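Chains as they are written, first to last, in the working numbering: chain A, 1 to 85; chain B, 86 to 438.
It is worth saying that the hints were derived from the structure and are not from the lab.
A hint or two may mislead.
[Said to hold, decoys possible] Reference listing, derived: stretches of chain B covered by chain A, where coverage requires no fewer than 3 residues with Cβ under 8 Å from a Cβ of chain A: (1) 187-201; (2) 284-294.
[Stated by the list, open to error] Okay, derived cross-link-like pairs now, BS3-like style, lysine-lysine, Cα gap no bigger than 27 Å in a straight line: (3) A/K22 to B/K87; (4) B/K279 to B/K264; (5) B/K333 to A/K58; (6) B/K126 to A/K10; (7) A/K53 to B/K333; (8) A/K10 to B/K333; (9) B/K177 to A/K85; (10) A/K22 to B/K333; (11) B/K87 to B/K279; (12) B/K142 to A/K10; (13) B/K279 to A/K10; (14) A/K53 to B/K177.
Remember, it's a predicted structure, so these values are computed and weren't measured experimentally.
The beta-carbon is built from N, C-alpha and C at its ideal position, and this holds for glycine as well.
So you can see what is in the structure, the chains are spelled out below.
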Amino acid sequence: MEQLIEELKKQIIEVLNLEGMKPEDIDENAPLFGEGLGLDSIDALELIVMMEKNYGIKLANASEGREIFKSVRIMAEYIQAHRTK
Amino acid sequence: MKTFIQAISQISLQEPLSDQWFSNPHVPQNIFNESIEPDYKRFLSPMEARRMGKLMKRAITTSLDVLHRSHFENVDAIISGTGLGCIDNTEKFLHAIIDNNEDCLPPTAFMQSTHNTISSQIALYLKCHGYNSTYSHRGTSFESSLLDAFVQMKVGDIHSALVGGHDEMTPDYFNMLGKLGYWKKDPFTIDSLKKADTIGSISGSCSLALLLTDSPNQDALCQLNDIELMYAPSITEIRSRMENMLIKNGIALGEIDAVVMGLNGDIENDAVYHQISQNCFPNIPVVWYKHVFGESYSASSFGAYTASMCLKNNLIPPHLLYNSVARSTNISHVLVYNHFQNKDHSLMLLSKI
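Work out the full structure: start from the sequences and follow the hints.
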């Protein structure tokens with residue numbers, strides 16, 4: 001799990017182009033949206049695309065993302081449970 | 086209503102956000118040339134800039150810089166010209182379509198791949214709710230934008246406008262244009278460009294923001310008297326349109342102190358300018374600028390910039406002088422003439438304030 005969290009942090013930085021940010025700057029328990037990293041709906045779309053491309057997870061309902069993207073840790077748990085690649 | 090160019094800001098092959106090129110230019114050494122990037126963190130926070138491609142960062146930075154130089158907080162209109170739009174993002178999106186088998190497409194590259202992203206993003210950033218438009222007319226995109234702002238100012242619909250010319254050159258697009266003979270095949274010098282005995286030019290990426298206003302302050306660069314666009318005119322028609330423009334503005338041909346032309350070292354491109362020069366301006370200094378800024382769809386905006394700088398400084402620096410006609414000691418009126426592939430032609434008449 002911890003390895004997946006680290007991998008996810010790196011992917012988030014790369015996909016969302018969070019210039020100047022390092023994996024250790026992201027608190028895996030902090031909210032990704034609103035407070036915390038302060039991401040928005042376009043970032044949510046980028047994360048949905050990233051999950052499909054890298055882990056084979058296709059979200060049938062975009063509103064599922066609201067729960068899944070609560071934090072990096074929750075995201076990692078969801079990926080571990082549902083990944084197809 | 087008179088219209089004035091209050092200030093201009095640029096990012097190109099030259100020192101960014103600076104007029105240093107006018108006295109001390111970087112001489113391009115390569116056929117494919119990248120822009121010199123400024124420190125964008127001075128203008129945009131990392132979170133603001135993270136979704137922007139290079140062209141978007143350049144467009145917003147030059148816009149912010151020209152507003153700062155002009156002491157304007159906002160404008161009535163934002164009008165941009167771009168031949169290719171954010172082509173880098175377009176390419177990223179197209180590559181993603183191929184690489185991901187038309188699935189899993191990233192939204193950011195798509196959103197920022199359209200041509201009108203430029204004007205709209207500037208407006209969002211400045212919170213400008215006024216007129217907003219983008220012209221994409223290949224080599225006369227900038228002039229189309231300037232004409233729109235000029236006409237709206239003449240009829241009193243707007244009193245200030247941010248007019249831009251923004252284009253980037255990516256390696257892929259450069260290679261494609263190279264196959265069409267756009268670029269020199271062999272190493273070049275400024276003298277060989279001037280000689281123009283082969284096809285092709287040198288590339289540039291350029292972003293220019295210009296503030297047009299009817300209420301200039303003391304730092305304004307010059308007055309924009311007139312601007313015209315023509316499609317596929319004959320030499321006789323060009324001459325006639327030039328003469329009419331001068332008559333309309335009460336300026337005699339002999340009062341033109343310099344003609345700025347888009348000479349770029351391509352034998353076919355430059356032949357048109359030589360014809361115009363011989364037929365219309367045999368004894369007037371010809372100024373060129375593409376040997377300093379390179380060729381791109383928005384390069385003609387740098388013709389207006391060059392003319393503005395000559396008028397403001399009352400000077401034609403030797404490195405910009407194309408022919409050997411003696412320069413006037415008092416630069417009062419400058420005509421800018423550009424053409425794109427001998428199809429789209431433009432005239433801009435600028436005067437000292």
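Okay, the hints, checked on the actual structure:
1. Requiring three or more residues with a Cβ within less than 8 Å of a Cβ of chain A, the coverage given for the region 187-201 of chain B holds, as 7 such residues are present.
2. Three residues within the 8 Å Cβ limit are the bar, and the region 284-294 of chain B against chain A gives 0, so the coverage statement is violated.
3. Between the alpha carbons of A/K22 and B/K87 the distance comes to roughly 53 Å, so the proposed pair goes past 27 Å and is violated.
4. Proposed proximity of B/K279 and B/K264 is supported: the alpha carbons are some 23 Å apart, at most 27 Å.
5. Distance hint between B/K333 and A/K58 is unfulfilled; the C-alpha atoms sit about 65 Å from each other, more than 27 Å.
6. In summary, the hint linking B/K126 to A/K10 is supported, as the alpha carbons are separated by about 23 Å, within the 27 Å threshold.
7. Of the supplied pair hints, the one linking A/K53 and B/K333 is violated, its CA atoms being roughly 62 Å apart against a limit of 27 Å.
8. With a C-alpha separation of about 63 Å, the suggested pairing of A/K10 with B/K333 is violated against the 27 Å cut-off.
9. A threshold of 27 Å between alpha carbons decides the hint, and for B/K177 with A/K85 the separation of about 24 Å falls inside it, so the pair holds.
10. As the CA atoms of A/K22 and B/K333 are separated by approximately 62 Å, the hinted pair breaks the 27 Å bound.
11. Our distance criterion of 27 Å between C-alpha atoms is broken by B/K87 and B/K279, whose separation comes to about 36 Å.
12. The straight-line distance between the Cα atoms of B/K142 and A/K10 is roughly 24 Å, inside the 27 Å bound, and the hint therefore holds.
13. Between B/K279 and A/K10 the CA atoms are separated by roughly 51 Å; this puts the pair beyond 27 Å, and the hint is violated.
14. Note on A/K53 and B/K177: the hinted pairing holds, with a Cα-Cα distance of about 16 Å set against a maximum of 27 Å.
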